[in-house]
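Novice: Counting in our numbering, the sequence shown runs from 543 upward without gaps.
Hints may be right or wrong, so weigh each one.
The following label-pair restraints were derived from C-beta to C-beta distances [stated by the list, open to error]:
(1) 807 - 841: 53 to 63 Å
(2) 995 - 939: 43 to 53 Å
(3) 999 - 853: 21 to 31 Å
(4) 857 - 947: 18 to 28 Å
(5) 1050 - 799: 55 to 65 Å
(6) 939 - 904: 26 to 36 Å
(7) 1048 - 796: 36 to 46 Å
Source of the hints: derived by calculation from the structure; they are not laboratory data.
Glycine included, each C-beta is placed from N, C-alpha and C at the ideal position.
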Amino acid sequence: MNGALLLVAVVALLVAGIARRKDLPAPLLLVLVGLVAAAIPGLTDVRLDPDVVLFVVLPPLLFSASMGSSVIGLRQNMRSVGLLAVALPLITTVAVGVVAHLLVPDLPLTSALVLGAVVAPPDAVSATAVGQKLGLPRRLMTLLSGESLLNDATALTSYKVAVAAAIGVGASVLQGLWTFAVAVVVGCAVGLVIGYVVDRLRTRLDDPVLESAMGLVVPFGAYLAAEELHGSGVLAVVVAGLLIGQRFTGAGYATRLQDTAVWRAADIVLESVVFLLIGLQLRGIVESLRHEENVWLLIGVGIVLVVTVIAVRMAVVMGAALAPRVWFDRRSAPTSARAALVVSWAGMRGVVSLAAAAAVPLTVQGGAPFPGRDQIMFLTFFVVVGTLLLHGLTLPWLIRRLGIRSDEAKIDAVAEAAARQRAGQAAITRLDEIVAETPPDDSRVRAAEFLRHWAEHRKNEAWERLGRGGDELGEAPSEAFRNLRREMLGAERVVYVSERDAGRIDDEVLKRVQHDLDLEEAMLDRD
């Protein structure tokens, strides 16, 4: 089994690499490859372990996403994000539960509500990836990313309540509301405490390697601590990530560079593996229905449920767009019906739904089998794959067809240039203050002259990008500077490697000088 998981990881990265190189949607391609592989006889059957997904995969993905989110943006869009992340999953849970109960004769309402909670949360990884690639406006990206951070908490809490009712331990409406409230309060409190403590510790360590290592442990610690206290592990991870990410500006440059690289690598590995695993579940799902007499009925129900989750999402989002003063903050409402249509069509389900379905207990109180467990697994898989394929294939086309593009690049560029000029002037002013107190023959005077030219170059660089294009003006001075400096760095590297190969310097010396050159090149290539 360990070898199979390693093979899954290797294949997932290869497929993701091909998708990135060919500019294809990686999640969609990974699911398709998984489906094809699962249909090949003789290949090892890789089953989805819900504990691995919920306790190992989900926390770091949520933490990484929340670290990169804007607290200001979420605060400005609080009401609309709440609609998508709290109200919509609850409405979807009830709608899917009622429809499934009516269409599947042997599925009790409690089990049907478990199914509704399982398929309620969309996995917005694919949607946000498509939106970033196609340049969706920041407002819509904030709605999608905010929804993806918080909707799992709503759905998983609803899932716990529904499972408790289905297995016979009792869960009234009031008990369900109390469970939800406790999960929210405890999850947020745990996230705040862990986020604050970790942030204070990291600011005192002054050790980039140890700081990054501590950051890797945070999502797992926050998730497990909150779950042990009957809170929402998802909310704990998100709140801790938002707090640490907001205060990340106070970290050292080495920690920021290192953390960015570490989390980007972790994200691509985890996301690639989980999407491939979705497709690989096909064989297990088919085998679980080997003795099912109404397979075609379940397929028909699966189609109806896909339509149901899409229709519910479109009704809620489009209804909110038609009544923005009721549902949306004025600053956060979609700017048009076309924008609301894009948000409503970004409802792909993902691996969290499959993991929750796989975690449904085998028995209820008294030892009887959990009613409808195999049907829940099949219908969840059908909805997940159906929405991934449908939305994954059509969302890019829809965004292009509606012509929704971000107009914020020019505004951001002007704001950045103005900020760079103010920052550069502050740097030059501080430099002049230091030089004024320095004797004329001091070496710092000559160094200050070079630094003054460098600061002027940094001030002008952002303004140059606001002008006419390179085809019209030719190579800008700042671009010429970067290109020439890259050539110089390349020549230096060749010499250092030659010195190491000739035995005149040690490998440790080579690593140190390469690190210095790498940092300088990273600054040149920061865009």
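Novice: Would you mind marking each hint as holding or not holding in the structure?
Specialist: Now for the hints, and whether the structure bears them out:
1. 807 - 841: 53 to 63 Å: violated (39 Å)
2. 995 - 939: 43 to 53 Å: Holds: the Cβ-Cβ distance is about 50 Å, inside 43 to 53 Å.
3. 999 - 853: 21 to 31 Å: violated (56 Å)
4. 857 - 947: 18 to 28 Å: For residue 857 and residue 947 the Cβ distance comes to about 26 Å; the hint holds.
5. 1050 - 799: 55 to 65 Å: Given range 55 to 65 Å: violated, Cβ gap about 21 Å.
6. 939 - 904: 26 to 36 Å: violated (42 Å)
7. 1048 - 796: 36 to 46 Å: With a Cβ separation near 23 Å, residue 1048 and residue 796 fall outside 36 to 46 Å, so the hint is violated.
In summary, the numbered hints that this structure violates are 1, 3, 5, 6 and 7.
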